[in-house]
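Asks: The whole structure should be built from the sequences, with the hints applied where relevant.
From first to last, the protein sequence lines stand for chains A and B.
Numbering-wise, the first sequence is residues 14 to 320 according to the numbering used here.
Numbering-wise, the second sequence is residues -18 to 162 according to the numbering used here.
Please note that the accuracy of each hint is not assured.
[Unchecked claim] Partial pick of chain A residues on the chain B-facing surface, computed with a CB cut under 8 Å:
#, residue
1, 37
2, 40
3, 48
4, 49
5, 53
6, 287
What the hints contain is simulated information worked out from the structure, not anything from laboratory work.
All figures in this text were calculated on a predicted structure; none of them were measured in a lab.
Where is the CB? At the ideal position from N, CA and C, for every residue including glycine.
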Amino acid sequence: MLSTKHLLGIKNLTQKDIELIFKTADNFKEILKRPIKKVPSLRDTTIVNLFYENSTRTRISFELAEKRLGADTINFASGNSSVAKGETLIDTVNNILSMKVDMVVLRHSASGAPHFLSNHINAAIINAGDGTNEHPTQGLLDAYSIREKCKTLKGKKVAIIGDIMHSRVALSNIYCLKKMGAEVTVAGPPTLIPKYIDALGVQVTYNVKEALAWCDVANVLRIQLERQNMPLFSSLREYALFYGIDKKLLDSLQKEIVIMHPGPINRGVELNSDVADSQHSIILNQVENGVAIRMAVLYLLSGKDSI
Amino acid sequence: MKPILDKQKFKVVIERLAHQLIENHSNFSETVLIGLQPRGIFLADRLVTYIESITNLHLQYGKLDITFYRDDFNTGKEIHLPNQTEIDFSIENKKVVLIDDVLFTGRTIRSAMDALVDFGRPQAVELLVLIDRRFSRQLPIQADYTGVVVDSVRTQKVKVFWKEHGKNDEVFLIDNTVAER
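Replies: Laid out in C-alpha cells, this is it:
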C-alpha cells in the first residue's frame, strides 16, 4: 500500500512507495506488450482529467493509462469550459464530483493547486503538474526509465540541465532520484538556477560540459519561455551556444552517457536533433514508460477505502 | 488443525495428477500448462518437473497473474499487489490446463479465464487443483483434475504448506479461531 491517498508530489512519497510504484509498473509494462493491452481493474472507476494548462504527452498518457485499466474517463480543458465565465476551481471540481467521479487528475498553472483541492474535496487527486512546483508522474517515469536503462538508481550520477528555476520536472526528479539513492547535479545559466537549491542535497554547476563529463545520465529540460516574465538570458541563440547539447559536445566527452528529455523539445535550443534522435537518447522510452507508471499510480490509489 | 495430506500422501497425489495429465494429453504437443500466481506455481512447477522427468518431453509452461482481473481487488482493506505473468508462447488453439492449489469460491478461476482469453483463443481450457473445497462454490466452476476433495465450512481455512517455503509438504484444515490466534 502507498503511504498516501493522493499523489500530490514526490516530496510526500517514501522510498518504499516509489519502489512499489516501480514494481507495479513492471507488471503493467508486461500487460502493454500483450495482444490485448487492457485489464478490467478500474472498470467501476470514473476519472476526470482536469487540464487547466496545455499538454500533449501527459494528457494522452493519462487517458491511455485510464482506458487500459478499464476506467471511464472525462476530459476537461479549461479553454472551452465555464472557467472562462469565472467559475472557481473548487466549484468546478465539486460539480464534476457530484456526477459520481472517483478520481481527479489535475494540471494547473498555480503551484499548490492540487494540495489546496485535496483539503476541500472527497476524491483521490493526482497531480499532473502544478505551476513550477512538482510533476510527480514525470519524476517517477524519468527515474523508472533510468532504472530500466542502468539496472539501478543507487549511486547513479544524474545531471539535470537547463531551466531549473521554472521546471516542475526538475523538482520532482530531484526528490525522486535522491530518495532512490542517486547523485544529482543541476547545471544551467545562473539566472535559471534557484539560489538555495543546494539545500535539496544537489550539486550546482554553471558549466554544462563539466556536468556532462561527471554524469551517467543527462536529463535535459525545456526552456520555459512562457513562464519567464523577464529576460533571464540574452537570446535563444546565445543559450544554445553555451548551454545547448549537440553531438560534437557529446563526442568530446570520451564516454557514453544517456540523454533524456521530458518533452516538448525546443530542437536546436537545449538539445540538437543529432542528439535527440541518436542512440544515446531514451526520450521515446520515457514516453512509453509514462503509460505504465501512470497505470501503476492510478491502480494503487484506486482502493475504495482510500477515497 | 486437522491434517488432510501428509508428506508421503502429498507426493503420491501430485504424481497421480501428473499421470492423469499424461493419460489425457499423451505427448503434450497441443497442450500448455499455466500456473496461477502466487501459489498455483508451486504445484505447476512440481507437475512439470515430474512429467518431464518420466516422459522426456518438453512442456510449454507459463505463469499467470490475475490480480488485475479480480472483481474484489479494491474492496478489502489492502489493495491486492500483482505478481509476474510469464506466458512466452501463443495459446491460440491450444489446450490449456490451468493449475491452482485450492479451488474454493471459483472466483479466482473466473478471473483467470478472463485473463487467459486476453492472450488468445484456446481450443479448450481445463482446470487442475490440489484441493477442491466442494460445497463452497459461488460460481458454476468445477475442476477436471482434483487432488483431494475437502468438505469444509466457510469459516474454516485450508492451508497448503510447500517445501519451497521451507516447510514440509503438508495440507491442513484449520478452524478460523485457531487461524487467527
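Asks: Among all the numbered hints in the text so far, which are the ones the structure does not match?
Replies: 6
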